[in-house]
Every structure is written in C-alpha cells, then in structure tokens.
Amino acid sequence: MSLLDLAAGLYGYWTVVALMATGLYIVVAYGNLIKKLIGLGIFQFSVFTFFILMGHARDAVPPVVGGDAELYANPLPHVMILTAIVVGVSTMALGLALVVRINRFWGEIDEDRLKKRGHETD
Amino acid sequence: MLRHLPALTVVVPMLFAPLCVVLRRQAWLVAALATTATLVGALLMCLAASYGRVFDYAFGGWAPPLGIAYRIDRLNAPLVLLFAFVAAAVVLHARGARRAELRDCRADLFFALLLLCLSGLLGIVSTNDLFNIFVFLEVASLSGYALVALRPRGAAALAAFRYLIMGSIGSIFLLLGIGYLYMLTGTLNLDDLAARLPAIEAARTKLAAMAFISAGLAMKVALFPLHLWLPGVYANAPSPVAAFLSATSTKASLYLLVRLFIGVFGAALFADTLRLADVLVALSCVAVVAGALFAVRQTDIKRMMAYSSISQLGYITLGVGLATPAGVGAGLVHLLNHSLIKGGLFLALGCAAWSAGGCFLRQLRGLGRAAPWTGAAIVLGGLSLIGVPLTAGFPGKWLLVTAAIDAGAWPLVAVVLLGSALSAVYVWRVVEALYFAPAPADARRPPRGMSLAAWTLLGASVYFGVQPAPVVDMLMPAAFMLFETS
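Line by line, the protein sequences give chains P and G.
Going by numbering that gives the first Met the number 0, the first sequence opens with residue 0, and the numbers climb by one from there.
Going by numbering that gives the first Met the number 0, the second sequence opens with residue 0, and the numbers climb by one from there.
Hints are computed from structural coordinates only; laboratory data are not their basis.
Quick reminder that beta carbons are idealized off the backbone N, C-alpha and C, glycines included.
A portion of the hints provided could be inaccurate.
The calculated SDA-like cross-link candidates involving lysine to any residue, where the alpha carbons are at most 25 Å apart (straight line), are [stated by the list, open to error]:
id : chain 1 : residue 1 : chain 2 : residue 2
1  : P       : LYS34     : G       : PHE293
2  : P       : LYS34     : G       : ALA214
3  : P       : LYS114    : G       : VAL39
4  : P       : LYS114    : P       : TYR12
5  : P       : LYS114    : G       : PHE293
Restraint-style ranges between C-beta atoms, simulated for each label pair [what the hints assert, rightly or not]:
id : chain 1 : residue 1 : chain 2 : residue 2 : range
6  : P       : ILE84     : G       : VAL412    : 44 to 52 Å
7  : P       : ALA92     : G       : VAL424    : 38 to 46 Å
8  : G       : ALA202    : P       : ILE84     : 48 to 56 Å
9  : G       : ARG296    : P       : SER1      : 56 to 64 Å
10 : G       : ARG24     : P       : PRO74     : 17 to 25 Å
11 : P       : TYR71     : G       : VAL53     : 31 to 39 Å
12 : G       : ARG361    : P       : ALA92     : 37 to 45 Å
13 : P       : PRO74     : G       : VAL53     : 26 to 34 Å
14 : P       : ASP4      : G       : ALA413    : 50 to 58 Å
15 : G       : VAL21     : P       : ALA92     : 19 to 27 Å
16 : P       : PRO62     : G       : PHE58     : 16 to 24 Å
17 : P       : PRO74     : G       : ARG296    : 50 to 58 Å
18 : G       : ARG24     : P       : VAL60     : 52 to 60 Å
19 : G       : VAL21     : P       : ASP4      : 21 to 29 Å
Bound-form chain G, shown alone:
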C-alpha cells in the first residue's frame, strides 16, 4: 500500500472530482473526504522521505526510461504535503464561504475543479517524466482558469481569459523546450535526461531548450515582466480560489524551475554558459522592489496581496538565481513558508469578506475590533510577509541573506532589506484600517470553520517560524543533493 502512495495521492482527487458534480448536495463532503485521504497519504510519504526513503514508482509496472515513473524524495515530499494541506484547509473554508463569496457560484463545480487542480499540481511535483510534467501542468492550469471565472462577473471572466492566454503561451513555450530536449536525447525520463545531457555536444540546441523552458516557466511563475496576469486573477477570484492558487500554482512551477534547471540541465549550464542565473537575479530584484511599490498604492486588499505575492516570489527566484546550494535551499524554504502565509492570509481575507461584505480598504475599517480573530490573522500574515523574526517569513529571508553574503553578492542583501521595508509600508496600511477606526455596527463574526481554516495555515506558519528545523532539514539537504547529482 505504501508503495502505491505516489500514484494514489495524484489519482484519488481526480477520481473524486466527478463525484462532486454527481452528488451535488454533498459536494463539500466528497471534497473533504478526498482531500483528507490525500493529506494522510502525503503525510505518510513525507515521513518516509524524511527518513531518507525514496519512492520510485513505475506506472503499469513498465520500467523507466520507457515507462512513466514517479519519484518522491526529500525535495518534493514536503511540497506534496504542503499542497494537500492547503487544499484541505481551503475545502474547510469553502464550506462557510458557500454563503459568502461562493454564494452565486455553483458549489459542486467549485469543489470538482478544486480537486482536479489539486490532482494536476500533485502530478507536477511527483512525476519524473518530462512530458508528464506538461500534461499535469495543463490539467492544473485549465482547472485554474475555470476556477478564476467561477463568479458571474464580467471582470472575473476577463481576468480568467487573460490568465488563459498568458498561461497557454507559457505552456506552449515549455512544450517547445521539451521537444528540443527529446530531440537531443530520445528520452523523457528526468534521471535519464540528466545522465545523457552532459555527453551531448549540441550546445546551441541545449541552450535553445533552456531558453524556451525558462520563458515558459517564467510566465507561469509570474516573474517580473510576465506577471501581468496575476493581480487580475487574485483580485477577481473568490477568496478560497485565490488562497489555493496563491499557495500552490506558482509554487509548482517554481519547483519545476529548480528541478529542470539544476537537476536536469546542471548548475554549470544554468549559471555559466547561458548566464541565465544573472538574468534571473536581475529580474527578481526588480520584482521584489516593484511588487512592493505597486502593493503600497492599492486600495483593494486582494490586489495588494497579489502584488505582494509578486514581490515574495522575487525572493524565491532570487535564491534560485544565486545558483548555489545554499541559495536554492533558501528559495525552497521561503517557497514553503510563503505558501502557508499567503494561503492563510487569503483565507483570513475571505473571513473578512464575510464580515464586511468585501475586501476593499474602506470596507475593512474597524474590522479588527468587530472580528478580533480575523483581524489578528491578517496582522499575523502581514508580519510574516515583512519577515519579522519568529514568523514564517523570517527563516527564508535569513537563509537568503546568508547565502547572498556567502556568494559575495552584497547588493542583493540591500534588495532583500529594501523589500522588507516596503512590505512594512503596505502591511501598516492594512493594520491602520483594521484597528485605528471605529468598529462597524453591522459586522458579524465569520463562521468557526472559515476562521479555523485560516488559523490552521497561519498556525502552521507560526510553528515553522518559531521552529524552522523540520522544513530546513528537509529542503536544504535536498538542494545540496540536487547540486551533487547534476
């Protein structure tokens, strides 16, 4: 049974998704069962991986490199657990949100799409096959586009359309890069590719493959010039959808960036030959500062959090661009922590939308006094975004700064500090609106389930902020191992 877990965690949500539509009234229950089962499986796999066990699963019993293989090791087991955990929290939150932001959406379709998206994302991080990555990326992306368009509003449909166009262009660039790699080596298995690529002389084709894959993934990761789809998506999607997408979809593509660039292509090709790492560092610096600057000017809190996400994703890509094991490890740690923070923040904003009717700055005035738990959740999330010690935002940034100092890149340290300072500005705007205004008379407290879901994610982020050892001990050795085998 344990042996089949890699396949089960991906297939179970996919199988339960149509059931959500068939059993319309009990869609929530079906989704809760599916996410709980997936969470249990992911937890078992992560525990096994923390003891060093590597799951190599061959679908249909056909051995790789001809068959499709899944591989769960120290690098992706925490991500599988993270995605399953976030999905479970979002499903719990959506139960209450059915009467708030999901009121005019079809709840059965929401849960079905959520399960499909979860299945796609888990497939992306579990698989060891290059074309399988593309297939599951499309499964996750398409269900993501539909999730964004759930609300019957023109703005939601337009945001989803823009997301579709830009996301599809990114996927097709990725497919083109996959085609180049297959053309060069004749294999689609990632381990086999990593073994065969260094021996092949066709430098220009390799560079073309790397260029197309980086363009495609940069689109998916919302790296600075290609981030234009993200604010519209997060602002117009219902809060459970925004929480799920912010915590998972960009993170899966970031995992792909690390896995393909360092695991398959090799750090030498990534950093020295194409100097892609330098480009990544430059764009990340711009993303960190520009994202925070744009966030300061927003009055729609969800849009503000979207620009904040662009800024925080800049930290992660900054770590990857350092192209050292310490830098990549720092990026991965911040990836995991930021997922918990942003997911919890968007769920807390969903609770605020329940109480105040919306997430604009003027609607949140005084909400901290009327709904204390929700206000506290938003403040905690904000402090984590700034990177205050003892919150989840701190370990990733600290590791990033030490990695930058080790690499001798002092300007990057300045960029990280500047980003944190700017984050404090927009977080303060939210805190000021929440607490430094009289409480609105008609605000009700959100249901316990919604609050509990937000606090589950934020509580996990507090735990990993105070005790970062579990995350760091899993992801740092994984980063070092990735560099060794490349």
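With the rest of the complex left out, here is chain P:
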C-alpha cells in the first residue's frame, strides 16, 4: 500500500489518533478542572469513533427482520458504543458534580491555584 493510500484511506483512524492525543494532552496540561473533564470527553469520543469505524461496512443495511439485502451491518459495535456513551455521560455528570462541590468548599476550580493555597491531596 503506497504512502498516499495509507494516509488517505485510513483518514478516520488518523482522526482517532489526533483526538486521542488532544484529549490526553488537555487532561494533563490544563489546571482548570472543567477543562480536564472536557479533555476526558474528547478522549472518550476518540475511542467511540474507533469502534464506529470498525463497525462500518459499505452498502450495508440495518439488520431488520423481514428485509432482503445482501449485506447486513453488525449491530454489536454500535451497541457497545451506546453503552460506552452512557458510561461517558454518567462519568461527566459525576465529574461536574464533584467540581461544583469543590467550588462550594474552596471557591476555586483550578488545580494549580488550589495547590498554591496548600490544598494538596497527594
């Protein structure tokens, strides 16, 4: 496979790689807790994209009983993604609730400024 084929044909997977790296970088680089959660969400989204790419089949039809088609799409990757999306939503909700609590106690949601005030938990 030539280099151009490699780059162009797998553009979906390159997107996954870019999103994953971006998400992880945001989690690590930013002190603001909300931004960390956003980074986590981007990272999770990259994995969802990976699964959906895996489950894609050209000219495939949704697997409905009574239809008549040559190629049916595999519903399992999509089911896995739906479950993972629900998990991601719950994680985000819990994370945001924790940030609200931290703000209520300390009036601050930036980890670097919290560290300066001496609220180190580690």
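Using the hints, position chain G against chain P.
For chain G alone, kept in the frame of chain P given last:
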C-alpha cells in the same frame, strides 16, 4: 436455584441498592440483608467450586459465544466469596460508624453506593464476556468515585475528582484494547477469544491490544507510576469506604490482569513476545520498595496504609510478572490474604477514629492502652503486613519467594525481603505510638459491632495464616489450570 447463583450474587445487591434510598431510616437493615444473602450465595458457590464444579451460566438462555455467559470456577469463586465477606463486614462496621466518620454523610446513599459497588465488582469477577467486564468495571468505578466523595470536605471531593480522571482514562484504555480484540476475532466471549487468538496472524494488532489493556489495568491496579490516585483516595474516604475499596477494587482489576493476560492472550505472548512480564516485574520491584519508603514518612496513618497497599500490590504483580504457574498462584494467594488484612486494618482504624477522633499518628498516642482490642487489631494487621509466620501475610510471600527461586530470579527474593524489612519500620512507628505513650484521658471504647467487624476480617486472616491450605488448594490449581488452557 443453585444453577442461578452466579447471576443472583451479582443482581441481588443491585436490586437492593435503590431500596436503601427509598427506606432511608432502615438503609442499614436493607444493606445487611442484601450482603448476607449475597454472602450465602457466594459461600454455596465456593463450596461447589472447591469440589470441582464449574458454573457456566448463559444469561437469558442465549448460548455463548453470541449470548453473555458467566463462569464461576476455582479461580474466581474464592474472590466472589471474599468480596461478599468484606462487604458484609463493612456493612456491620458502618452501623456504628454512622455516629463517627459517617456522621456528616448521608447514610442511605452510602449503603446504596456500597451495594452498587459490590454488584459491579462481583460482576467483574464472575463474567466470561469481554464487554461485560468493561460495563461492570464502570459500575464499580463510578460508585467508587462517589463513595470517596461522601464526606462534605473539599479534600474528599478533590481526591474523588483525581480518582475519576485517572480511573476513567484507565477504563477507556481498556475499552480500546477490547475494541482491538473484537476487531481481530469478532467475538466477545473469553473462552472463544482464547481459542481463536492463537490462530490469528496479526501480531501487531494483538500486541497493540495487549499494550492498551495493560495500560488501562495498570491504572486501575495502581501499579507504580500510575498509583498517584490511591493515597488521596484512602486518606480522604471514610474508613468503611477505604476498607471496602482497599480490599476489593484493585483486587478485581488484578484478577482481570491474570485472566486476560494468561487466560486469553496466553503466557507465551505475555512473557516472550512483548516481554510485558519483565516490565511488570521491574515496576513491581520499584512499587514494593518505593511504596514502603513513602509509607515510613507519613504521619496520617490512613495515608501510610495507602502507600503500604501500593507496596503489597507490588508483591502480587511481581508474582504475576514471573509468568509461571507457581508465581501467579503465589500472587493470587497474597491477593486474597492482603484483602483480608487491609480490610481489617482499615476497619480497625475506623474504630480508632471513633475513639480518638482521627487517624493521625499524634491522635493515636496511647490508644493501645485505652482501647485494647482496637490496638491489638492494628498490631495484628501490621504483623501480617510484614509477613510474620502464622499471619496471613506469610503464605503469599513464602510462595512468592519459592516461585522466584524456581524461576532463578534471586534479585526478586532480595526485593521481597527488603520490602518486608521496610514494612517493619512503618509498622513499628504505629505500634510505638499506640503503646509507648500514656493513655489519653477522654478515649472511649468503640461500639462492639465495629470492633467485631474488624476482628472478623482479621480473624479470618489469622485462620488463613495458620492454615493456608483452603486458600492455596483453591488458587494454586486454578493458576495451573489457567496456564494449561492458554
């Protein structure tokens, strides 16, 4: 009825959890009933498994590999029993702790979250389906994050947030590895995966899957560089929560490590191709020594026990990294014993917090004289951590040393001994504070229920220290069988 036990042990706590919130005043009673029922079921399954019976349960009657299957055999039946037993002890302890560390927490939410976490953990160790592992891992993790944040303190919320971020990253890495495996084989059933993987040629994809799964599980297991969430969590969570999490959550991920790496991928891929076993051994050695060194410097006893946990988890991953049946068996034995020890220790620290108002070294001065049973419990736990013969810490370490000698890895023996010596240093600091200081005037003895819960776990650890045969006879053959079928 016996046939449905694998499903019942997972579903019963989950069903009782909302009841805890609905019946707010009787939340403790609901939780006690649920954990007792789960414990009885787990005991029956473990007895059946010890006679060689394997439970293969297909949910909805749909046969695997298309349907989701649960499988209880010699490897995970002891773990199911362990988790149910620890949960029952924690619920008993929490009854008294409602007036101490849980005083400003919502008790009904605590019990509901505990039952959900128990359900998730039991699901992780019972299931035979790869994606089901991820689902239950998330159930257990999310309820764990919420359990840590129960106390209305900023430090607890921040520790829970850090745990959430790091734990979620770990879970997503695991999900990515699951995606690679599904992409390769088209099946999610662990037995089917183990059968199909060796025939597939795509070596690089297999290695990528293994790499992502190991990164994710290393995060969950708090293996050395990825352990940063653990001290904050154990130090800021209420003692019943710390006892439950220390005894169960990392252990479930360790079980997954063993099951996936050796049962599914195969020991050859694990040890020779990717040399992951060597990496695991190196990081475990660092964990054993660094964990103990960090523990020595702590003045908060709960944080000290957290670093001690990091060190003891290093022994377990050291055994797994040896990649021999004897090594993995030693790791599993120490896994079970350490759960009992750490769970009992944290419950004893909960009793100490009741008497002394906190778990800092200066607050525990003289407590051994004022509350003798609590002091004795902490000393017993400490001796078990060091690995004194006749305590629960000894069989695992002894088996680990013999497995290392058999594998020709003499430096590992030195690491194990060094770790034990360092453990003696920080345990001595606690013992010195407890007994070599005058008793505080205003200390009261903790309620009997709390003490009884701590002593139940520590008593079990004493029994398995003196008579390790039940544990070893279940887990060693399980490890050998895992290597044979891989």
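Here's how the hints hold up against the structure:
| no. | hint | in the structure |
| --- | --- | --- |
| 1 | P:LYS34 to G:PHE293 | 31 Å, violated |
| 2 | P:LYS34 to G:ALA214 | 23 Å, holds |
| 3 | P:LYS114 to G:VAL39 | 47 Å, violated |
| 4 | P:LYS114 to P:TYR12 | 38 Å, violated |
| 5 | P:LYS114 to G:PHE293 | 20 Å, holds |
| 6 | P:ILE84 to G:VAL412: 44 to 52 Å | 48 Å, holds |
| 7 | P:ALA92 to G:VAL424: 38 to 46 Å | 44 Å, holds |
| 8 | G:ALA202 to P:ILE84: 48 to 56 Å | 32 Å, violated |
| 9 | G:ARG296 to P:SER1: 56 to 64 Å | 58 Å, holds |
| 10 | G:ARG24 to P:PRO74: 17 to 25 Å | 45 Å, violated |
| 11 | P:TYR71 to G:VAL53: 31 to 39 Å | 35 Å, holds |
| 12 | G:ARG361 to P:ALA92: 37 to 45 Å | 39 Å, holds |
| 13 | P:PRO74 to G:VAL53: 26 to 34 Å | 31 Å, holds |
| 14 | P:ASP4 to G:ALA413: 50 to 58 Å | 53 Å, holds |
| 15 | G:VAL21 to P:ALA92: 19 to 27 Å | 22 Å, holds |
| 16 | P:PRO62 to G:PHE58: 16 to 24 Å | 21 Å, holds |
| 17 | P:PRO74 to G:ARG296: 50 to 58 Å | 54 Å, holds |
| 18 | G:ARG24 to P:VAL60: 52 to 60 Å | 55 Å, holds |
| 19 | G:VAL21 to P:ASP4: 21 to 29 Å | 60 Å, violated |
Figure legend: structure checked against the earlier numbered hints; hints not met, in rising order: 1, 3, 4, 8, 10, 19.
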